[in-house]
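A.B. asks: The primary structure of each chain is shown beneath.
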Amino acid sequence: MSQFVAALRKDLLLQWRTRSQLVAVFVFGASALLLFSFAIGPNAAALREFAGGFLWLALLLASTLALADSFESEMAQHALEGLLLLPADPRALYYGKAVANLLQLTLLGAALVPVMVVLYDAGTARVPALLGIIVLGAAGLSAPGTLYAAMTAQVRARNTLLPLLLFPLVVPALLGAVKATSLLILGDPMGQLGAWTMLLVAFDAIYWSLCGLVFERVVED
Amino acid sequence: MGKGVWPFVVAGFGIALLVWGSTWGLAFAPREAYMGEVQRIMYVHVPTAWNTMLVLTFAFVCALVSLLRGGWTWDARLEAAIEAGVVLSALVCMQGSIWARPTWGVWWDWDPRLTTTAVLLFAFGGILALRQFVDDPVKRAVWSSVAVVIAYVDVPLVYFSVRWWNSLHQLQSTPETVSRAFHWPLRINAFGVLFLLIGLVELRARLAFLRREAESAPPPVRVAEALGGAPPPYGGLATGGKR
Amino acid sequence: MSGAPGGVIQGGWEFVIAAYVASAVILLGYAFSVFWRYRRARSRRDGAR
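Listed in order, the protein sequences are those of chains C, Z and F. Numbers 1 to 221, taken from my numbering, label the letters of the first sequence in order. Numbers 1 to 243, taken from my numbering, label the letters of the second sequence in order. Numbers 1 to 49, taken from my numbering, label the letters of the third sequence in order.
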C-alpha cells in the first residue's frame, strides 16, 4: 500500500512539475470543442442536444496526449527500467500512474465543462452528478490508457498506435459517459441515468483489475 | 510447427462445401415471405458471423496459452487467428451493409451485433498494427496477447452498451431466427467457412513461425565465407550442424 | 423497396449477387494470399539452407 502511495506521490509530483503541458492539453480540448460546434452550426437546439457527445470526444482526444505524456519521463534516461529494478510491486507502479492519470483527466474534464456550457448552452443543475460521471468516464479512459501508454511508449509510431488501440476498446465507457452526460443536460424523464452509470462502473471495475494484473508482463524485459 | 498437406485438403473441402451450400441457397432454397430474394444473403452472412466469433475466441485462447505457457507455436497461431478475425469481421460488415440497403434503405442500421463486429474489426486491426510496429519478438508476443485478452473481454460490454444505446431508437435488428426450410444451406456454408478457416489459420500460423525463425536465424554460412575466407569451424544452424 | 412489416421486398437480386461475390472474392482472395506468402517464405527458407 505504501508503495502505491509512493508511486502516486511520484506521479503527482511529475504532473505538477509539467503542469504547463496540462494547460496545453486543456487548450487542445477547448479548441476541439470549438471546432466541433462548427460542424453543427449556430443551431442552438442541436448544439445542446449533442453537447454531451462533443465534450467526451474532446476529452477522449485530449486524453491521448495526456496519457502519452505520462510515460514520457519514464522513457527518458531509462527511468522505467530503474523503477522496475527497485524491489517494488509493478502493480503499485501501475496503480500509482493510473490514479494520477485519472486525477489529471478528471481535472481536464471538469475544466472543459464551463467551455461546453458557454459554447453549447449546455449546463446542468446536477453538478455533483456531472462530476461523478466525469470521474467514472475518466477512470474508464485512464485504466486501459495507462496500460497502452506503457506499451506504446517503447515503440515507434507511438502517437498513432495509442489511439488506434485505445479508441475501439473504450466504446462502452464512451457510450455510457455520453448518454449519462446528455441525460444530465437535457433531462432524464425515464430515469435511465442509473443504468448508464452502472455500465460505467462495470467497465471501470473490470478494467482497473484486469490492467493491473497484466501490467507486470507488459513492462518486464 | 506442422508440415503436412492436410491444411490444403481441409481448406479445399471447405471451399467445396461453400460452393454446394451457396448454390443451394441461391438457386434451390425457397423464397422468404417478407424479405424475398434478399433473405438469401443470410446464407453467407450468418455463417461468416458465427465463424468470426469462433476465430476470435480461438485468438483469445491462443493469447491465454501464449501468456501462461509461452512458446512460439501459440504466438504464431495467435497472429494467424487475429488476421483471419480481421478479414472475417470486415466481410461481415460488408455483407451486413449490403443486406441493410434494400431492407432499411440505409447502408448501416446500427444493429448491435453488426456494430459490435465493426468495433471488433477496429480493435483487432489495431492489434495487428501493434504487431507490425514492435520489433522485439518477445515483447510482440506478450503485448499482442495482452491486447487480445483485453479486447476480447470487452466484447460483451460493447454489445450490451450498443444494444441499450440502440434500443432508444427502436430500430429493428438483423433477423436471427431462420425457419426450418432454410437450415441446410446455412449449416453447409457454416461448416464450409469453418473448414476453410482451419486450413488457412494453420497455414498462416506456419508462415508466422517461418518468419519468426528467419528473424533470429544466423546469417548463412556462405556470407561468412564471402566476408572472411574460410567458413567458421562450427557448422552453424544454417547448415544443420554439418560442415 | 420498403422493409416495413406487411410489405414484401421486390427483386433485390443485385444485392444478393453483390453479397455472394464479395464473400467469394474476400475468402478466396485471402486464401490465395496466405498460400502465396507461405510458399514464398518456404522457398526463402529452403533457399537459405
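For the record, the hints were derived by calculation from the structure and aren't laboratory data. All values reported here derive from a predicted model rather than from experimental measurement. In this text, a Cβ means the ideal position worked out from N, Cα and C, and glycines have one as well. One or more hints might be untrue.
Claimed, not checked - If you want a taste of the chain F side facing chain Z, the calculated C-beta under 7 Å gives, among others:
no.	residue
1	Gly12
2	Ala22
3	Ala41
Claimed, not checked - Calculated Cβ distances over 12 Å to all of chain F for the following chain Z residues:
no.	residue
4	Phe58
5	Pro102
6	Pro156
7	Ala214
A.B. asks: Next step is simple, just say for each hint if it's right about the structure.
C.D. replies: Here is how each hint holds up against the structure:
Annotation: interface hint on F:Gly12 holds; nearest CB of chain Z at approximately 4 Å, less than 7 Å. The criterion of a C-beta within 7 Å of any C-beta in chain Z is met by F:Ala22, whose closest approach is roughly 5 Å, and the hint holds. The beta carbon of F:Ala41 comes within 4 Å of a beta carbon in chain Z, closer than 7 Å, and the hint placing it at the interface holds. In this structure Z:Phe58 is separated from chain F by more than 12 Å, as the shortest Cβ-Cβ distance comes to about 16 Å.
A Cβ of chain F approaches the Cβ of Z:Pro102 within 12 Å, the least distance being about 5 Å, so the stated non-interface status is violated. In this structure Z:Pro156 is separated from chain F by more than 12 Å, as the shortest Cβ-Cβ distance comes to about 27 Å. The non-interface label for Z:Ala214 is inconsistent with chain F: the shortest C-beta to C-beta separation is roughly 7 Å, within 12 Å.
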